[in-house]
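Participant: Please assemble the complex out of the two chains, which come individually in their own frames, going by the hints.
Just so you know, the sequences run in chain order E and F. If you're matching positions, the first sequence starts at 1 in the working numbering and goes up one per residue. If you're matching positions, the second sequence starts at 121 in the working numbering and goes up one per residue.
Heads up, some of the hints might be wrong.
[What the hints assert, rightly or not] Partial pick of chain E residues on the chain F-facing surface, computed with a CB cut under 7 Å:
#	residue
1	S9
2	V11
3	P105
4	T107
[To be verified] Footprint (simulated), chain F over chain E, 3 or more residues, beta carbon under 8 Å:
#	segment
5	58–67
6	81–88
No wet-lab data here; the hints were simulated from the structure. It should be emphasised that the depicted structure is a prediction, and the values quoted were computed from it without experimental measurement. For glycine and all other residues, C-beta sits at the position ideal for the given N, C-alpha and C.
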Amino acid sequence: MKILVADDSRVMRQIVIRTLRQAGYDDHDIVEAEDGRDAYEKVQSEGPDLVLSDWNMPNMTGLECLQALRGSGSSVPFGFVTSEGSAEMREKAADAGALFLIAKPFTADTFSEHLDAVLA
Amino acid sequence: MTAIDAGPRRRAGDRPPAVAELIDEATVTEITEQAWLALVGEDEVLVPLPAPLPADTLSSWVGITGPWTGTVVLTTGRDTAVELTRALLREHAPEVLEDEDVDDALGELANVVGGNVKAVLPGPSALGLPEVGATPPAGSPADTLRVDVLWRGQPLTVSVQSPLHTEEENEVPL
Numbered sequence: 001m002k003i004l005v006a007d008d009s010r011v012m013r014q015i016v017i018r019t020l021r022q023a024g025y026d027d028h029d030i031v032e033a034e035d036g037r038d039a040y041e042k043v044q045s046e047g048p049d050l051v052l053s054d055w056n057m058p059n060m061t062g063l064e065c066l067q068a069l070r071g072s073g074s075s076v077p078f079g080f081v082t083s084e085g086s087a088e089m090r091e092k093a094a095d096a097g098a099l100f101l102i103a104k105p106f107t108a109d110t111f112s113e114h115l116d117a118v119l120a
Numbered sequence: 121m122t123a124i125d126a127g128p129r130r131r132a133g134d135r136p137p138a139v140a141e142l143i144d145e146a147t148v149t150e151i152t153e154q155a156w157l158a159l160v161g162e163d164e165v166l167v168p169l170p171a172p173l174p175a176d177t178l179s180s181w182v183g184i185t186g187p188w189t190g191t192v193v194l195t196t197g198r199d200t201a202v203e204l205t206r207a208l209l210r211e212h213a214p215e216v217l218e219d220e221d222v223d224d225a226l227g228e229l230a231n232v233v234g235g236n237v238k239a240v241l242p243g244p245s246a247l248g249l250p251e252v253g254a255t256p257p258a259g260s261p262a263d264t265l266r267v268d269v270l271w272r273g274q275p276l277t278v279s280v281q282s283p284l285h286t287e288e289e290n291e292v293p294l
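With the rest of the complex left out, here is chain F (with noise of 0.2 Å):
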């Protein structure tokens, strides 16, 4: 942790709030519940219990830019993604579903989980737009809020996550 990659909105010494100091696992996890009720269903519940994610993994992401600034990520098996994005779509799903219309769900998830948790952190700040990917950007480990739930008994994990701050970070993409 070094005073120069703080940003340019901090004086020198000074050290980005935690992401566990602004929020916590309960609010992530009523948030997240709220979007799903809301968008998926109403009885779309989430189960707050972590269970292994599989191996091939679809993620959505939006960054925040502010007092803190990190992202956040909500990944889920692809196959569970490809059921979310026919839940979301519901008649209006086609036979087949595109790609673009499973990235399409899965990021309109998260910017709307991510718009509510911007929503509790301190402001101002700016909200960017959703993108979606096997991976997403790296996040500090020690500086992660992380809520697993299940959704139709499939795992499902939502990360508050601020950047590496190390020399890693040119690991983080985009």
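The following block holds chain E by itself, in its conformation from the complex (with noise of 0.2 Å):
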């Protein structure tokens, strides 16, 4: 299984990587991308199994590449690991085709709460 961490924080980056250990999930390939272009990139490259997203990123944010990936008929599990996570940015997730949105900060509890359904 392969999982894409899109987040423009190398820092953010480590640290969900790191709590993906936590999580249990140490078997998997962790591809890293750095903003919302480069995870639609390697969505198309790297074919993964989930994409994790920071939703506030440059160039393109998270919710415009998942847009982009359902407008090109890509049906990745996509959830949002993101600091803002209010009822409205939740709908507007949801809406979009997000399994789910972990707000910042999180532990390794929720992201076996939301993981363990789409990694099982």
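Facilitator: The structure is reproduced here in structure tokens:
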């Protein structure tokens, strides 16, 4: 299984990857993307089983990336990991086809709760 | 204070709400503590005590635009910012940290704290991308909520600040 982690912060990508390991997903391949556009391209080239994406990113936001993916016919499972978890954003995420939205700060338990169903 | 600088969303005569009417120090402290425990480490407690910041500081900030518009600013000593970066990167921290790494780490902390502050404020509102530098945007001294904490004994402040609404407003950078 392969997980694509998209965040413009390298530090946050490391924290997400560390939390994935803590949540027990340490045998998955991890691919990193540094913004939404990079994530979009790497979904095409790497074929991940799940995308974990920040929302606010330069070049292309996470939401724009998800919309572009769905527009291109990709149905890759997609979840947001973002510092904003308002009801409005959760609704936008769900409407665009996201499976979940994990608000930062998060714990390994939060990851397990949302990812087990996707990666089991 | 004039009606002109209140932004296009407001009718003439409306006044933006003061930050203290929207969020309190205890909430900002709790948000910051949660960010530290989850991101920096589960033993990384913040002690709510004021202490003078050193001369050489680094700040990170994110803007919030909406019914309340302003900035959430984190400020700490440059050395503490480096230590924070090492704590966040843990075993992935290189022997010599680049400024870029420190900016990234401190910026991301402002992003997480700012995002959670935004969630408490009235919406809908938008969060900007984090910025980092020695001089954060000037806020209105009379309309700023500031929390002082110690992390590993070193001072760190979190300010939720409305922009200046005076003739000094041209001092607000970015």
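Participant: Does each hint hold? Answer for all of them.
Facilitator: Tested hints:
1. Here the hint on S9 (chain E) is kept, as its CB sits about 4 Å from the closest CB of chain F, short of 7 Å.
2. Using the Cβ-Cβ criterion of 7 Å, the hint placing V11 (chain E) at the interface with chain F is satisfied: the shortest such distance is roughly 5 Å.
3. Checking P105 (chain E) against chain F: minimum C-beta separation of about 3 Å stays under 7 Å; hint holds.
4. Taking 7 Å as the C-beta contact cut-off toward chain F, the hint placing T107 (chain E) at the interface holds, the least distance being around 6 Å.
5. Under the rule that three or more residues need a Cβ within less than 8 Å of chain F, the assignment of the segment 58–67 of chain E is violated, with 1 such residues.
6. Evaluation of the coverage hint for the segment 81–88 of chain E: fulfilled, as 6 residues show C-beta separations to chain F shorter than 8 Å, against a requirement of three.
Hint compliance for this structure: hint 5 is the single one not met.
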